[in-house]
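Let the sequences and hints guide you as you build the complete structure.
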Amino acid sequence: MKKRTIIAQKRREAYGFILPAFLYVLLVMGYPLVYNVILSFKNVDVKNLTKGGSVFVGFQNYIDLFADPTFRLVLKNTFVFTIACLVFQFTIGFAFAMFFYQKFKLAGPIRGMILVSYMMPMAVTGLLGKNIFSNAGLINNLLLKIGIVGPEWLVDTGTAMIAVIVMNCWVGIPFNMLLLISGLTSIPSEVYESASIDGANWGQRFLHITLPMMKGSIFSVLMLGFIYTFRAFDLMYIMTSGGPLNSTDVLGTYSYLLSFTQYQFSKGAAVAMVLFVCLFAVGLFYLRLLIKEDD
Amino acid sequence: MKLKKLLALSLVAVMGMSIVACGSSATESAAPAEDNGAAAEAPAKEEAASGDVTEVELWHYFDASADAKAIVDWVDEYNSLQNDIHITATYVSREELMNQYTIGALSGELPDIGMVDSPDMASYISLGVFEDITSQLNEWGELDKFYPGPLSSCMDADGNLYGLPQNSNCLALACNMDLLKAAGYDHMPESLDEFKEMVAATTNPADDVYGYAMCAVSTEEGTFQLLPWLRSKENGKGVNVDDLTADSAVNGLTVLGDFVKNGYMSKEAVNWTQADAWNAFAAGKAAMVECGTWHLAQTDAIAGFDYDFCLLPTGDKGTSTSTIGGENFGICSGAENLDACVDFLTWLCSKEKEGEWAVTAGKIPTRSDSVANYDYEQDGFAVFVDEMNYAQARGPHAEWPRISEAVYTACQSVFVDGTDPKDALTKAMETIKPIVDANPLPET
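Chains as they are written, first to last, in the numbering used here: chain A, 1 to 295; chain B, 296 to 739.
If you're looking for bench data, these hints aren't it; they were derived computationally from the structure.
Don't be surprised by glycine CBs; every beta carbon is placed ideally from N, CA and C.
Computed list of lysine-lysine pairs in BS3-like fashion (alpha-carbon distance at most 25 angstroms, straight line):
{"id": "1", "chain 1": "B", "residue 1": "LYS556", "chain 2": "A", "residue 2": "LYS130"}
{"id": "2", "chain 1": "B", "residue 1": "LYS562", "chain 2": "B", "residue 2": "LYS491"}
{"id": "3", "chain 1": "B", "residue 1": "LYS728", "chain 2": "B", "residue 2": "LYS532"}
{"id": "4", "chain 1": "B", "residue 1": "LYS722", "chain 2": "A", "residue 2": "LYS76"}
{"id": "5", "chain 1": "A", "residue 1": "LYS42", "chain 2": "B", "residue 2": "LYS728"}
{"id": "6", "chain 1": "B", "residue 1": "LYS728", "chain 2": "B", "residue 2": "LYS528"}
{"id": "7", "chain 1": "B", "residue 1": "LYS562", "chain 2": "B", "residue 2": "LYS722"}
{"id": "8", "chain 1": "A", "residue 1": "LYS130", "chain 2": "B", "residue 2": "LYS562"}
{"id": "9", "chain 1": "A", "residue 1": "LYS130", "chain 2": "B", "residue 2": "LYS580"}
{"id": "10", "chain 1": "A", "residue 1": "LYS145", "chain 2": "B", "residue 2": "LYS580"}
{"id": "11", "chain 1": "A", "residue 1": "LYS145", "chain 2": "B", "residue 2": "LYS562"}
{"id": "12", "chain 1": "B", "residue 1": "LYS728", "chain 2": "A", "residue 2": "LYS47"}
Covered by chain B, per the in silico footprint, the following chain A stretches (three or more residues, Cβ under 8 angstroms):
{"id": "13", "segment": "47 to 55"}
{"id": "14", "segment": "154 to 163"}
{"id": "15", "segment": "236 to 245"}
{"id": "16", "segment": "261 to 268"}
See below:
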């Protein structure tokens, strides 16, 4: 009997410790999330935000959005941007990680210098991109030196996305490299040594030791990369404002445009919900992987 | 394992932020920086605040050197003229200020007096950002001195007033006379047909010189510069934005689209702000440019060539169209010191101050009784003052931003993708028609 009360008391104490964190999550994340969900099912706009009179319209905002070719383009852009960025920043980041993991002179300082682009605020990266890819910018100047007239990067709907992807990779590569290097350090060097003694060459060691032992880190990097990239906003906002003709608009910028430029608050909220649901699905998948691995 | 936990934690944080960010990106960076000029006055301010003084907070986005300094000087002058009211002027970037109004509509965190671009005012009135001050302004008794166009942008659909127009401007054409002369012209264009000829003749790809430059960026700035061509007068007829499939509008856009197609105008116009277009002209890289009244205060940037200004040649000979621009000041909802705010506002928009501001900042007064004694570019100002007779307002309409987006998107699709102008404008009307059917635009 006495034992039970002690356990119950300890449990109460434990809840007490969780409470602040729980309240924090509830207030800081739960409230805006619920507010946003409700907003996305109403018809709040410039006419009724403060004057009242908004009503629930069910899924009408979502139906309108998916019927709108602009939104479908924005959704496509978001996936194209995310997947292209992931592919390039992961492969290049992995190559850099392998290279700078080697112990050679200056490996540390150079690794540090590569991180500079990651530490730079996205707004600065966006401004840099704007200059580098303008018609008479750095890239076209270099191309001209070898006799090629470069495209109008930020003016053509076909090339603007490429420019934005390049700038994002510039930031994403060091991020991938950093996380993958910490994954590499977790592989004991003895494993490589014994493999070398058994006659395994570089390729075999990479395929059969590095990759399998890095599985956890690789998944983490890809998942985090997906989430970071999918919710992109500042780069496009500064570099292209989503243009030309929505060709670099992603869910984040489009939601902002609807809410803060056009005052279609409920439509903007619905776009934010689509963004959230996509990320939530990826997040759940990632958490399941983590739990499975722990088991 | 530690790394994994760290990753899981950051995942949770990022997930949460992705949704919160959409709603609150504006609030995070909202701390407005005070004007350098105003900050320097800090000790004087403290002294003033210690007495029995009414404090009034004013937010503005004047960032050109002339008007950014002027607003600080004006506020100082007002503060020194009396001892009851103390105004603090704070600079907030335009975009940030607009976000603050939208958020403030719900949270109530607004300055006492706020500056707003005239076409945006109707939306903020609808959002409840500004206070109805019709009775106070009627009491003042000088409302009949204001030009009706700028004043209407401070009104709601019922004619109630929420602020005063502080400055006004419009668009005209600046010409590089040296380039025109070299192409065989001794005068500026007087009609659309002549303009088309001159643009073609002055384009010189070998020297990277375009015949014409303008701003067609995907913001209100782009719509501002595009509208004169869509509302042009052809065979004596012109239309407003509720009838953009009319021949005159399609013709106006076709002309601009052909400029891009033929290389007479840079496609980069879709990314250019008005400042970018003006810089191209000032550097001698464009023979003609669509420019605003405020550019008259920036002619010192022009690189050693002969220049002149004329009415925008958007249609038939002897006609012109232009867009009215300008800034209004409104008193924000919940301002505790309404009378003090009205007192400052009526001083700022008084007969004398309107005239002085126009000269200092390169604008046009919003009052018919104000005299602006421009001591520079007098001929240029004469052109812009004349152009005001042909200039049209944008809206006022609470959903103007949506109309505006439809307009610049249609034009950009012609410039960037080579869409047929008629098709592009038909598509724009699909957005605009339901909006104006529900709430028609005011008669022009």
